[in-house]
Structure formats: structure tokens, C-alpha cells
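Enquirer: Got chain D; can you put chain R on it based on the hints?
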Amino acid sequence: MPLLIEAIISLLLIAGGIFVFIGSLGMAHLRDFYMRLHGPTKATTLGIGCMLIASMAYFWSVDGKPDIQEMLITLFLFITAPVSAHLLAKTGLHLQLPHTDTTGGKPFELRDEEVGDKPVPHPDKGHG
Amino acid sequence: MITPRSWLPTPVLSILLLVVWLLLARSYAFGQFVLGGALAVLIPLLTYRFWDAKPSIKKPFKLLRYGLRVLGDIVTANFEVAYLISNPWRTLKPHFIEYPLMLEERFTITLLASTISLTPGTVSANLRMDGKSLLIHALNVDDEDALIEQIRERYERPLKEIYEC
Numbered sequence: 001m002p003l004l005i006e007a008i009i010s011l012l013l014i015a016g017g018i019f020v021f022i023g024s025l026g027m028a029h030l031r032d033f034y035m036r037l038h039g040p041t042k043a044t045t046l047g048i049g050c051m052l053i054a055s056m057a058y059f060w061s062v063d064g065k066p067d068i069q070e071m072l073i074t075l076f077l078f079i080t081a082p083v084s085a086h087l088l089a090k091t092g093l094h095l096q097l098p099h100t101d102t103t104g105g106k107p108f109e110l111r112d113e114e115v116g117d118k119p120v121p122h123p124d125k126g127h128g
Numbered sequence: 001m002i003t004p005r006s007w008l009p010t011p012v013l014s015i016l017l018l019v020v021w022l023l024l025a026r027s028y029a030f031g032q033f034v035l036g037g038a039l040a041v042l043i044p045l046l047t048y049r050f051w052d053a054k055p056s057i058k059k060p061f062k063l064l065r066y067g068l069r070v071l072g073d074i075v076t077a078n079f080e081v082a083y084l085i086s087n088p089w090r091t092l093k094p095h096f097i098e099y100p101l102m103l104e105e106r107f108t109i110t111l112l113a114s115t116i117s118l119t120p121g122t123v124s125a126n127l128r129m130d131g132k133s134l135l136i137h138a139l140n141v142d143d144e145d146a147l148i149e150q151i152r153e154r155y156e157r158p159l160k161e162i163y164e165c
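Protein sequence lines correspond, in order, to chains D and R. FYI, the numbering for the first sequence is 1 to 128, going by my numbering. FYI, the numbering for the second sequence is 1 to 165, going by my numbering.
Heads up, a few of these hints could be off.
[Claimed, not checked] When the alpha-carbon atoms are kept at most 25 Å apart in a straight line, the in silico SDA-like pairs for lysine to any residue are as follows:
#	chain 1	residue 1	chain 2	residue 2
1	R	K58	R	R157
2	R	K132	D	H94
3	D	K65	R	Y28
4	D	K90	R	L147
5	D	K65	R	F33
6	R	K58	R	S114
7	D	K90	R	S133
8	R	K62	D	T80
9	D	K90	D	D101
10	R	K132	R	V70
11	R	K132	R	M102
Read the hints as simulated data drawn from the structure, not as lab findings.
With the rest of the complex left out, here is chain D:
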């Protein structure tokens, strides 16, 4: 394997490791639930992306043919990460988890505001 490719792969692996580590660090030590959500949704996506690109490059140079399975993993990650973050945040609001005093704005009480003026009907069968 050429030295240049080897260097790039190692760099990507190290960068990926650092990003994932920082993401986990954020999850461990930020002040409240909502802030902790930011670490895993962002820093981790890029970290895992770096590692997958490194893996793709490695097997390309070893096997001699490109392989796009890793791209699929990245795609799944990009689709699922925001959805799970949204659901977690929503659950947090629902359980009225405390947030730090420095938080600006206020999360409205879910019960009243969740419903809004009138619910959007489902295109197929209306809302309940």
C-alpha cells in the first residue's frame, strides 16, 4: 500500500476517533438532558463517517475494487440519527425533565401546546 494512502487512512481513523470521543464526552458531562443530546447527534455522525471512509479506502486499496457498503451505513446513520434525537427530545419534554437555569426561551407545556389550534388531518383517514 502506498505511503500516502496509508497516511490518509490513519489520519481519518484518528480524526474519527477524536470526534466520537468528544461526542461521548459531551454526552457525559454537559449540564442537562437536552444539551446532552447534541453530542451524539452531531459529533458522532462525522466521527463514524470518517471511520467508514477510512475503511472504504483501506479495502479498496487491498482488494483492488471499490465497495460501497460503507456508504449505506453512513446513509442509514444520517436517516436514523435525527429521528431518534427528535423522539428523545420529545420524550424529555413530555416527562418535563429539568433544564439548566441559563436556558433561554421556555419549552411550552406539552399538554396544551402539543395540540395547537386544530390537528392536521392525516391525508388517508383523518385524525382519530
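Expert: Below, chain R without anything else, positioned relative to chain D:
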């Protein structure tokens, strides 16, 4: 609206499933085609009730540009959040923001909410049932209105142009 009686309710989804199956199996043998094809027909049949009709793409070229912009923003978002987390002298100002939505279709709102969660310092937290506003939690905000304006110009307007206008 998706017509429920057809045996192939969502053709695009079926093709996508088949392609993903073949890529995951890493072989293009006849058997894989049969198995993947069977799954591509069965899975949409079992799940079509959950799917909304996907609005048609009016400007495919702009969609591509939007995708590239979001990819770029994901990279900068990661650097930004990594810096915010790892800087020990930081004073974070987290903020809940109510974002008034301009979009009306459920599918495009989903796209916008996902984009918001993946890009700089924001996570979408709750969509009101009347579909008129989105609650966003931001990690570090100096100017609330500037952030709303940024999301509006950078993501929502292109999405509206691509799908709804």
C-alpha cells in the same frame, strides 16, 4: 394519496429496497435478485399504510444543491459542536426556540426537521400537532432571531421551492 389495492403500492421504494439489498448482499447472483425482489414487494405491502404520498420534486437540480449544502453544513456542525463541548472555558447559552413553519406538507416538514437536527448546534424537539411551529433546542445562541432567519433562508426556502411551489 397512495392507492392501497395495487400489489406494488410504492414503486420507488421497491426499487430502492432491491438496490440496497443487492448492495448489502455484495453479489448479483440470480438467487439474490429473487430474494431481494420478493422482499421489495412484501415490505411495501406490509408498511404502505404508514407512508404519506411523497410530493413530486419540482426542481431536481436544486435538490442536489441542497443535499451538497447540507453535507457541507454537517461537517462544519461537527467541528462547531466538538469545539463547544471540548472548550473548558466556554459559557454555553442553550435556548429553546419556537420556529414558525412556512412549509405545509408533512414530508417536507420531516425533511426540514431532520436537517435541523443534523446541522449547527440545533436539535428539533417537538412539532406541534397543528403543524404550524417547530420547537428547536439550540446549544449556544446569541441572537434568537438571527438563527430563525438563518434556518429560514438556508433550508426552508430551498425546500419550499423544491417541493411546494
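Enquirer: Taking the hints in turn, state whether each one holds.
Expert: Outcome of the hint check:
no., hint, verdict
1, K58(R) with R157(R), "holds, 14 Å"
2, K132(R) with H94(D), "holds, 19 Å"
3, K65(D) with Y28(R), "holds, 15 Å"
4, K90(D) with L147(R), "holds, 21 Å"
5, K65(D) with F33(R), "holds, 22 Å"
6, K58(R) with S114(R), "holds, 20 Å"
7, K90(D) with S133(R), "holds, 14 Å"
8, K62(R) with T80(D), "holds, 24 Å"
9, K90(D) with D101(D), "holds, 20 Å"
10, K132(R) with V70(R), "holds, 23 Å"
11, K132(R) with M102(R), "holds, 8 Å"
Violated hints are absent here; each numbered hint is respected by the structure.
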